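Undergrad: Please build the complete structure, drawing on both the sequences and the hints.
Going down the list, the protein sequences come from chains A and B.
Residue 17 is where the first sequence starts when you use my numbering, and the numbers rise one by one after that.
Residue -1 is where the second sequence starts when you use my numbering, and the numbers rise one by one after that.
There could be a bad hint or two in this list.
[Said to hold, decoys possible] Below are the DSS-like pairs computed for lysine-lysine, each with C-alpha atoms no more than 30 Å apart in a straight line: (1) B:Lys200 - B:Lys131; (2) B:Lys88 - B:Lys142; (3) A:Lys133 - A:Lys65; (4) B:Lys142 - A:Lys162; (5) B:Lys131 - B:Lys88; (6) B:Lys182 - A:Lys132; (7) B:Lys103 - B:Lys142; (8) B:Lys103 - A:Lys155; (9) B:Lys142 - A:Lys155; (10) A:Lys133 - B:Lys182; (11) B:Lys131 - B:Lys142; (12) A:Lys133 - B:Lys70; (13) B:Lys103 - A:Lys118; (14) A:Lys132 - B:Lys70; (15) A:Lys155 - B:Lys131; (16) A:Lys155 - B:Lys200; (17) B:Lys70 - A:Lys118; (18) B:Lys88 - A:Lys155; (19) A:Lys133 - B:Lys103; (20) A:Lys162 - A:Lys111; (21) A:Lys65 - A:Lys162.
[Unchecked claim] Only some residues are given here: those of chain B computed to face chain A with a beta carbon under 7 Å: (22) Pro58; (23) Leu61; (24) Lys70; (25) Val71; (26) Asn73; (27) Glu74; (28) His191; (29) Asn194.
Think of the hints as simulated: they come from the structure by calculation, not from any bench.
None of these values were measured; they are calculated from a predicted model.
Ideal Cβ placement from N, Cα and C applies to all residues, glycine included.
This is what each chain is made of:
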Amino acid sequence: MWKSTPGTETKPSTTPNTAPVMSTTPPPRPSIEPVRSKEFASEMAHIGKSVLIRGELSGSEDLYLDGEVEGNIALLEHNLIIGPNGRIRANVTAKDVVVHGKVEGNIQGHERVELKKSAVLNGDISTQRIVIEDGAFFKGAIDIRKEAKSEPKREMAAAAGYSGSSSSSGSAMSAQRSLVETKFEPKG
Amino acid sequence: MAPDLLKFFRGSAAQPQTAPSAGSKGGVRTQRSSSGLKEFSKSIGPESPKVVLDLGPTSPTNLMRLTGMGHKVYNEDLLMASLDTRYQVKGSDGRLELSPAEFFKDSLVFEEGALDAVLAWDLPDYLPEPLVKPMVDRLHRALKPGGVLLGFFHTREAGPEAPYHRYHITGGETLDVQVMERFKLARVFNNRHIENLFHDFKSVKFFLARDYFREVLVVR
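TA: Listed below in structure tokens is the structure:
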């Protein structure tokens, strides 16, 4: 008799409570949703495109950054997405880093760095895994730090790449011929 | 008429070996084999990590492939950088001109012997004249003794309309070649010019292709 039935549930009272009620779901942000990765779809802090930060930016939660930062960004074990309007002149340290905007500085992604097609990066990348979309601009160095667990796999993949290429050497060589080798005395 | 006729006689190396596909940056891709790349791949080898510099436009294919082999990879698109107006200064006639001194403050900044290998592609054929020799001098300094450089040089038959390319390494001796329309051929080196350009290096090895390219592997 007292059980609620569909369509007849009691609705939350609109009368003021003693403690404020906070929604666990963030307000919708339609303008940034298209560039968010699914894996970062959970709630994350957000810095909008009109925000300029100078100095040290650190935190212990995931961050979507679409503004401007000059200084350093350190999220350590959390993820960072730099939105298409993001303008970063800073060294960046985070677990996973996804770049849609512009970065001048070095990126250290403890696990993964991803450069989207709109990304412009002037700086070095140090990470375990990297993804680069065609169209991204990159000037700098990429240093892949080895994962202890995947070491044997990587070596096998590298060997496979070479063995696979050598299998077609016959046809490749037929199209070209070594002409001449000119040697000079080394000067330096 | 004549260019069409020449195209007809280009030979198999210039023919698409796979169905062309459009990339998001640039035109269609065609596959070509490369003896120079084969020698280059042998030189850097998979045995120990090397430091490789790619001087072409950012190619995810190259970066992923080389880092996948354990190499540390640098990428600098010198040709695109040469368009940057920050590197222009007023000349004696009051007109703006590219300053190599300003350009190389930001480009090819490496310590001596920092690199094991350089992918120069066909950059020397397109780079502004004042930058070519200083670039080679800097690469000579940055390469370790025994380090290698792979370059592609057009032959005169390629003609002034030879398109600029992006090169994507798809195998130990295969490349995807993608036409980029932004840049025009600036010059054509003959063999003697190429030897002079790399005069300070230990050796220059030429590979002739049937598609108006000479591939050159230079050893420091």
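Undergrad: Give me the numbers of the hints this structure contradicts, sorted from smallest to largest.
TA: Per hint list: 2, 21, 28 and 29 violated.
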